[in-house]
Amino acid sequence: MAASAGLVGLAAALHFAGAGSLPSFAACALALGAVAHLIGEATDHLGNYLGPAATGIVQSAVGNLPELFVAIFALQAGLVVVVQASLIGSILSNALLVLGISFVVGGARHGVLTFERQASRMIATLLLLAVCALVLPTLAHELHLPAGEHEQSLSVVCAIVLLVVFLVQTRVMLVHGQRTVPSEARGRLRAWPPALAVGVLTLCGVVAALVSDWFVDALGPAIETMGLSQAFAGLVVVAIAGNAVENVVGIRLAAQGKADLAVSVVLNSALQVAVVLIPVLILISFALGGAPFTLAVPPILAVALFASVLVVTVVTVDGRADIVDGVALIGLYVIIASIFWWG
Amino acid sequence: MAASAGLVGLAAALHFAGAGSLPSFAACALALGAVAHLIGEATDHLGNYLGPAATGIVQSAVGNLPELFVAIFALQAGLVVVVQASLIGSILSNALLVLGISFVVGGARHGVLTFERQASRMIATLLLLAVCALVLPTLAHELHLPAGEHEQSLSVVCAIVLLVVFLVQTRVMLVHGQRTVPSEARGRLRAWPPALAVGVLTLCGVVAALVSDWFVDALGPAIETMGLSQAFAGLVVVAIAGNAVENVVGIRLAAQGKADLAVSVVLNSALQVAVVLIPVLILISFALGGAPFTLAVPPILAVALFASVLVVTVVTVDGRADIVDGVALIGLYVIIASIFWWG
Amino acid sequence: MAASAGLVGLAAALHFAGAGSLPSFAACALALGAVAHLIGEATDHLGNYLGPAATGIVQSAVGNLPELFVAIFALQAGLVVVVQASLIGSILSNALLVLGISFVVGGARHGVLTFERQASRMIATLLLLAVCALVLPTLAHELHLPAGEHEQSLSVVCAIVLLVVFLVQTRVMLVHGQRTVPSEARGRLRAWPPALAVGVLTLCGVVAALVSDWFVDALGPAIETMGLSQAFAGLVVVAIAGNAVENVVGIRLAAQGKADLAVSVVLNSALQVAVVLIPVLILISFALGGAPFTLAVPPILAVALFASVLVVTVVTVDGRADIVDGVALIGLYVIIASIFWWG
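Chains as they are written, first to last, in the numbering used here: chain G, 1 to 343; chain Y, 1001 to 1343; chain Z, 2001 to 2343.
Read the hints as simulated data drawn from the structure, not as lab findings.
Predicted, not measured: the structure shown is a model, and the values here were computed from it.
Possibly wrong hints are sitting among the right ones.
Incomplete in silico selection of chain Y near chain G, CB under 7 Å [unchecked claim]:
no.: 1; residue: Met1001
no.: 2; residue: Ser1004
no.: 3; residue: Val1198
Quick list of the computed label-pair ranges, beta carbon to beta carbon [to be verified]:
no.: 4; chain 1: Z; residue 1: Glu2224; chain 2: Y; residue 2: Glu1149; range: 18 to 26 Å
no.: 5; chain 1: Z; residue 1: Leu2143; chain 2: G; residue 2: Glu149; range: 53 to 61 Å
no.: 6; chain 1: Y; residue 1: Ile1160; chain 2: G; residue 2: Gln76; range: 44 to 52 Å
no.: 7; chain 1: G; residue 1: Leu22; chain 2: Z; residue 2: Glu2149; range: 53 to 61 Å
no.: 8; chain 1: Z; residue 1: Thr2114; chain 2: Y; residue 2: Ile1160; range: 43 to 51 Å
no.: 9; chain 1: Z; residue 1: Leu2167; chain 2: Y; residue 2: Leu1288; range: 56 to 64 Å
no.: 10; chain 1: Z; residue 1: His2176; chain 2: G; residue 2: Leu167; range: 38 to 46 Å
no.: 11; chain 1: G; residue 1: Ala77; chain 2: Y; residue 2: His1110; range: 30 to 38 Å
no.: 12; chain 1: Y; residue 1: Gln1256; chain 2: Z; residue 2: Leu2167; range: 32 to 40 Å
no.: 13; chain 1: G; residue 1: Leu283; chain 2: Z; residue 2: His2176; range: 44 to 52 Å
no.: 14; chain 1: Z; residue 1: Ser2153; chain 2: G; residue 2: Glu149; range: 51 to 59 Å
no.: 15; chain 1: Y; residue 1: Glu1149; chain 2: Z; residue 2: Ser2153; range: 53 to 61 Å
no.: 16; chain 1: G; residue 1: Ala19; chain 2: Z; residue 2: Gly2078; range: 56 to 64 Å
Cβ coordinates follow ideal geometry from the N, Cα and C atoms, glycine included.
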């Protein structure tokens, strides 16, 4: 916790000292990761008092707070392309890059990894649904269909559908005693008193909002300094920075041979972006008015996401994966990222 | 049978009395459902004399008669968009809406439903083939390829391919003693004498032709009265009305926990539209001349169908489904329908 | 070997006698098939001295030599469309036509065929990756994205990714003691001495280069004489001629009920074109300069390939296939070929 506080302090110092955009951007990214880690820890401790059901709900609700704040502030700053790219990049970096590295690391140490097929098949189904909710409105927009003129209403319908499906899935998982992210996925020594856990969570929420604001402030200039396209910055830089914690956790679990947990953490992280974060952002942008955030994205992003989900589905469908699967997933990520390099 | 006769009588009365288009449309839809139900019952009774092999063939041949008549009359009335939309909608409403409701109802009562994987994998393969036979000519048309100028010849080739594949599949199923739609799927008390069964079938054929004519007469004005787009009317209203019987049978079977039969009835119903009804209509329209009925459909319909078949494949591939799968399928149907709402 | 020498002699005679393009084309195609067969035999004999690991590598390296030479000479002759079509056609004819015929022949004799699921799932994953490496650059090109202007650099990145994935897969297979193409797939009586095997291989390389040159010389006029479009000629004629040996071997294995070997030979043949031959050609064309050979192909080819790989994945995913699957695969091939008939 001290390290987290230090990173947040560093980010604050660089922000208010008007430091260069790159160091400020890097410090904010690290601080956001630290806050996300702390939120995970606090909800885990809270789990000792709430039972797995409520814990899962709290975790889903606050676990994506940093990414949500970043997206909201970036939308307000008019960085719509960056937000769309970073959300889809968040799914891609989890489902391709991090899962791929997990399979390579785990496969190198433990040979063929086996994991529960039912859970990953379910996630594949919901990811495919989310992809359809993105591809079809995008196509309606590109083909100038009548529905394309009601882009925002269509996006709201899709958002509600995705949230309903997510709620049903959460309920089914809770009834069956599973948590969305298994608690063993995170190390833990001793339970915090409930007041401490709630206090840390509240504090994290406030800090996440602050640091997200600084992060977005530094984002535009940092992109320019690095000479990146907006799409590449969102798809790769923001996406990887925003998921640093899940990434490290997933890869470490795979290295320990806990393929079940690794696949669950990494794919659930991708799933929550697709069926919670994106729909919530659509509803918020609809409620707040202003520049609408819709599901009509650049077609190449929609196709890249569709192809990725398909490959992940085929890789995970038999509950077995090895180093070759890992390299294939990483390879697809490299191909997609290189398309946006010139983007 | 008395109820069926009553519904047909009502449809006739409303038609000849020149009643408003909406009541006439509704009465015809109900009457068509009743005729379809009666055809199923008569072929089932006939099954006691013919053996499962011939029964399966008769059932395939006459089971889709009402939908076939509606499509032919609607094509003659120039409602090409409605026909294309209603055929694809027939596949979508079966494979997404009805299968989804079946999984939700069955899953709520019986938890995780299990069903035979081989049969649904086979249906998924043939549905994918049918989708390819739709997507590729559509793309050739949209891209203005040379093949796009030979749209009708190309459609005839595709239609023959689909029918050959269907005949081979039927033969394999018959040899293995399976009927396309299991007979237990329909309730039955006592066998009719063969003359009665044949008589009912013949009568049903004539009545189906008459009612289909009245249905198409009422269709155009009814669409206008309801203020619907042609695509939405075909995709949702006509598609659901035209499959009312299979829909109710499928959902009831799932509620009874007979997941195997439910999946078989619902998916075979979708499959027969794809690999029998559509090819037969193409060949009929080619033989009759006039406005050609081809496989070059609006691209958004082709993509929606492709995405749906893919999701159904992933959902059914492991022979297990629960309430979450059901909600996901329904959700995809809602998304697709809402795109055509403004269509 | 005498028969092979005879065919090569015939091709030479027709070429230098300035015979008509059709006989010359046919003789060259047969001679190339004979050379490919001889290369397979020689590497198999070499396998007795090298161990399976090195044998697999040699076989991968020289087995595609004839196709590689044909492609290089055809590119130099400016037949880019033919080369692109013949490479994709090579994948399609293997994965659809030959696999389909194998399933029909094997299924007719032995009922439901079963084969190892893990290997075919792995091949499906890598084929899907290769398809993505084709679809995404094609889309970038068609949508006039910035990346579309760096078509050749993008293709080089994709080629390197595919080659790396192939090398990792080869290494994993070698470590597990499997050869890419099982040696039992080819008949063999007595081991040749190593010097003979190496001598035959060297000779085959030289002869392959010569015959490929004559083949390409005859190709253009032969296409014109037959009145075919360039795309159809590449996709169907060149593709089937270039894979005659694997085709016959695969179908014979299926007829003998060795479904495991048949699927492995046929799908690995398709895979090697996708992840070795195409990437190597891209790198060669980049190194040599001149007209670039890139991954931006006609969109209809990309979609046809994508649909085919998807259908093959669904067909093979459960390690079971019967005559219906075979007919479905052949049907898809017929549909695709007929689109290019007018192409």
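Verdict for Glu1149 (chain Y), Ser2153 (chain Z) (Cβ pair) under range 53 to 61 Å: violated, 36 Å
Status of the Ser1004 (chain Y) interface restraint (C-beta, 7 Å, chain G): This interface hint is violated because 37 Å lies over the 7 Å limit.
Assessment of proposed distance window 53 to 61 Å (beta carbons of Leu22 (chain G), Glu2149 (chain Z)): violated, 28 Å
Range agreement (Cβ of His2176 (chain Z) with Cβ of Leu283 (chain G), hint 44 to 52 Å): Holds - the Cβ-Cβ distance for Leu283 (chain G) and His2176 (chain Z), about 50 Å, lies within 44 to 52 Å.
Thr2114 (chain Z) versus Ile1160 (chain Y) beta-carbon gap, inside 43 to 51 Å or not: violated, 31 Å
Satisfaction of the hinted span 18 to 26 Å by the C-beta atoms belonging to Glu2224 (chain Z) and Glu1149 (chain Y): holds, 21 Å
Distance restraint hint 53 to 61 Å, applied to the beta-carbon atoms of Leu2143 (chain Z) and Glu149 (chain G): Between Leu2143 (chain Z) and Glu149 (chain G), where Cβ atoms are some 22 Å apart, the hint is violated.
Assessment of proposed distance window 38 to 46 Å (beta carbons of His2176 (chain Z), Leu167 (chain G)): holds, 44 Å
Range hint 30 to 38 Å (beta carbons of Ala77 (chain G) and His1110 (chain Y)) holds or violated: Distance hint for Ala77 (chain G), His1110 (chain Y) is violated at roughly 51 Å.
Residue hint Val1198 (chain Y), partner chain G, criterion CB-CB below 7 Å: violated, 45 Å
Ser2153 (chain Z) versus Glu149 (chain G) beta-carbon gap, inside 51 to 59 Å or not: violated, 38 Å
Ala19 (chain G) paired with Gly2078 (chain Z), Cβ distance criterion 56 to 64 Å: holds, 57 Å
In the structure shown, a violation is registered for the earlier hints numbered 1, 2, 3, 5, 6, 7, 8, 11, 12, 14, 15, in ascending order.
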